[in-house]
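Number of protein chains: 2
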Amino acid sequence: MKLKARLLEIQAGGRSIAILDDETASFLGVHSSDRVRIAYEKQQVIAIANVASNFPRNYVGLYEEISRKLGIKGGESVEVQSAEVPEAIRYVQAKIRGERLREKEIDTIVKDVVTRHLSDVELASFITALYIHGLSMDEIEALSRAMVKTGSTLSLDKRPILDKHSIGGIPGDKTTILIVPIIAAAGFTIPKTSSRAVTSPAGTADRVETLCPVNLTIEEIKEVVKKTNGCMVWGGALELAPADDIFIQVEYPLAIDPMLLPSIMSKKKAIGATHVVVDIPTGRGAKIKTIGEAHTLAYDFIDLGKRLGMKVQCAVTFGEQPLGWAIGPALEAREALSAIMGNGPADLKEKAIDVAGILFEMVDVENGRQKAERLLESGKAERKLRKIIEAQGGNPKVKPQDIEVGDKKAELTTDRGGRVLWINNEDTAKIAREAGAPKEKRAGVVLKAKLGENVKKGGVLLEIYAERNAKLETALKLGEKLHPIGLTEKPEERMLMDRIPTRVIERKTFVLER
Amino acid sequence: MKLKARLLEIQAGGRSIAILDDETASFLGVHSSDRVRIAYEKQQVIAIANVASNFPRNYVGLYEEISRKLGIKGGESVEVQSAEVPEAIRYVQAKIRGERLREKEIDTIVKDVVTRHLSDVELASFITALYIHGLSMDEIEALSRAMVKTGSTLSLDKRPILDKHSIGGIPGDKTTILIVPIIAAAGFTIPKTSSRAVTSPAGTADRVETLCPVNLTIEEIKEVVKKTNGCMVWGGALELAPADDIFIQVEYPLAIDPMLLPSIMSKKKAIGATHVVVDIPTGRGAKIKTIGEAHTLAYDFIDLGKRLGMKVQCAVTFGEQPLGWAIGPALEAREALSAIMGNGPADLKEKAIDVAGILFEMVDVENGRQKAERLLESGKAERKLRKIIEAQGGNPKVKPQDIEVGDKKAELTTDRGGRVLWINNEDTAKIAREAGAPKEKRAGVVLKAKLGENVKKGGVLLEIYAERNAKLETALKLGEKLHPIGLTEKPEERMLMDRIPTRVIERKTFVLER
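Protein chains in written order, with the numbering used here: chain A, 1 to 514; chain B, 1 to 514.
It is worth saying that the hints were derived from the structure and are not from the lab. Careful: at least some of the hints might be erroneous.
Intra- or inter-copy, both count: the list cannot distinguish identical chains.
DSBU-like cross-link-like pairs, simulated, lysine-lysine; straight-line CA separation at most 30 Å [stated by the list, open to error]: (1) 477 <-> 42; (2) 73 <-> 4; (3) 439 <-> 4; (4) 69 <-> 111; (5) 408 <-> 2; (6) 481 <-> 2; (7) 2 <-> 409.
These numbers were taken from a predicted model, which means no experiment stands behind them.
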């Protein structure tokens, strides 16, 4: 039937939603969450109907996503009809029943996800069913391929193309800023895309952004890689696997991540990677708690890589404390720059050398670890980093002290001395976030003591940096409340780890990074 | 932080949603689907944040649900803060992991559902997890109780209180219009609430509405029941189990119904029922396909009834064809009125007498079936129906022919003669809907042949009634395409029932009625 278009002048977060009043909806035989086809001149879209009780009759309310697609300014007469439910619904229902999905069925789902033909309710049900029933490796492969097919790709006419990925989980992991220059300095191609922080105090894109722009187009990336062999850019706007950005919207509130493997590996495939190291930080305070879990995940990464035509190796790394001392975008960039210049924390340099060494050995470089170490210590990696910074539009002469950090500063001290027995990754991250990270790039935390080190009574456990006094104060208060660092003279004095009075399910801060 | 309120002037379908631009959201540390607390003067609400990329900075966009609660007109400065996720999320996550939920945990979930503290994504995940993992009878009981606790109740100071419920699925089931008067005529109390059609051509509330108003308040229901012992009203606006209206919003697009038992039984409990008959139409074309399935469901109803303090018996009824001849609100009301006046189809009268008889026997009336039959045949039930119609505000003298049916009429004929071998319930319902039912109350279908009857070549299979010629035509076309009635001279000529070329999953028209 003909309805008048009324523009709502807001976006529906990418969703394809149209509003109908209940009389009009009944007349069309449309129930909330049924589909309608909206046609205007030669354009048409499928939208999900939201039925409202107070919407004017004979109108259809259009969010910007739809009005823009149809080229509508408001007030036009559009043809609205009930439409079939998308084919993908059938396969979502099959998955709910626990059936295995075939490649063609998964293609249909991913296509309908990207075109926003599935509602949040249907997506959430699909993700939940995937999580509960699990995915076969055939399904994981099909999902990965479908996500690549529906996204952009980076075509470099070079071979091999190296890449690394960390599943995240420990604060302060700025290893990428060292690894990319080491690999590129050896003449290998490494077009690295990274994410911004969602629930952590800094993502690699946030860190690098304090050194140079990271929001590059595919064409700009090609230029930078042509000049320098490498890049460190934000992957978020490249649409390498746009389905993932939609899946993540429903995974995040549920804190489940059944799409982890396809999500990570589709993006590696999309940039054309041939050799990939996946870093799996492991430990009580990390996302992966035990070596056993790390192995299971690692074999899945390797198997999936093989199916997608990529060589994959995994590095299980120590994840029981933050990496280095600094946490927060600017503080971490400063620390990474110091480290590549020869200073900075040993654990950061060790890890960078380890991961780069594995990558070298994967492409048949002998004594890969030694080569990585030499490139770092000789200053070649530093020179390469500066070239990448320059190519991306930053200042190649930047010194660590040029990177501004918050000028409001406080110290968290201890009222008892002792040896550091544990550092709580999550609590440390929370304090850095409370101080303003990642949005306030100069905010964060610097650890003054790490595992096994001694702290005197009254000594400083960590420094907090902030851009604003209010944030500094709340972060300090949070630090005093959380006790993120545990000290003891004798470990045996602290045998009790937890008491379980009732079911307390801690919400995971987030699914693995991807 | 202080943000300016901007009214969106539309509803979010009851949802509690606030829109923030991404810079403002980052500043608050809020991600899409995180919660925010919005305070204005002495009021505050928790809303789910939708982060938009084109929303003005330092504004918060409020749908009407929220602006009304806060008493905001637009432009006011409101305090917006990041808020904790609701406690219910933990238990949703526990259910996703397959854990059994305790009563207190279920109470928390249902409370957070009713206050709209859970998003569609979280609700869909919960419903999916319930469906996949199944519910224990303890959980079903706790859900039922929680749904009663969060809704309105009807308190009548009478005992016993009788009720009946059909899980639906066969078109034309107007039995309630006969049963309520039979029971009430015997002096028993039966305050019957019914639903409107969602995906069927008529719900009982739609049928009764062509005889008298059905949208009564709790107080009005009390008055009607006081006068007549019974009523036939629409339950939808009574808020007997408001959680169910929200659950159903996510169950409908997924076509799964894990909440069926709590949904039905909480409403029986809320109106104070002590004795309930549940009608389970069973057959290939019904929702429940086999006697075995019907028994399993029946035992669950009986067990749950016992736990909630209600005596329950179930009637497994023949469900392989529509009940009576008429389908569509007015056509069915007319047929029910004829039947209670002594005419009308035999299957309808038989079923009404059967169900009423069971109810009588449950409250220790001897020869219940005979009593029901006598009340129907003596005209006492008719007189009672007229009193109920009058008490609800209708015309007590209404004659069947007074009930207007569509004046556009067409016939679906057959090009071969034979005996009726099957009638497809779903296709018959689709034709009635295509003709305009349930919204166009006078539209529908009248069967001219039922199972086992003979039709001559060129004879009429069904009549279609519509209010508008366009609807009549499309309904007739659909009828010709669907072949809703199967005829054959010899059943053995039609051995092939289906061919399975590929996975075809028919979308269920809907979950069981409730």
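Checklist entry - Can you name, in rising order, the numbers of the hints this structure does not satisfy? => result The structure conflicts with no hint, since it agrees with every one listed earlier.
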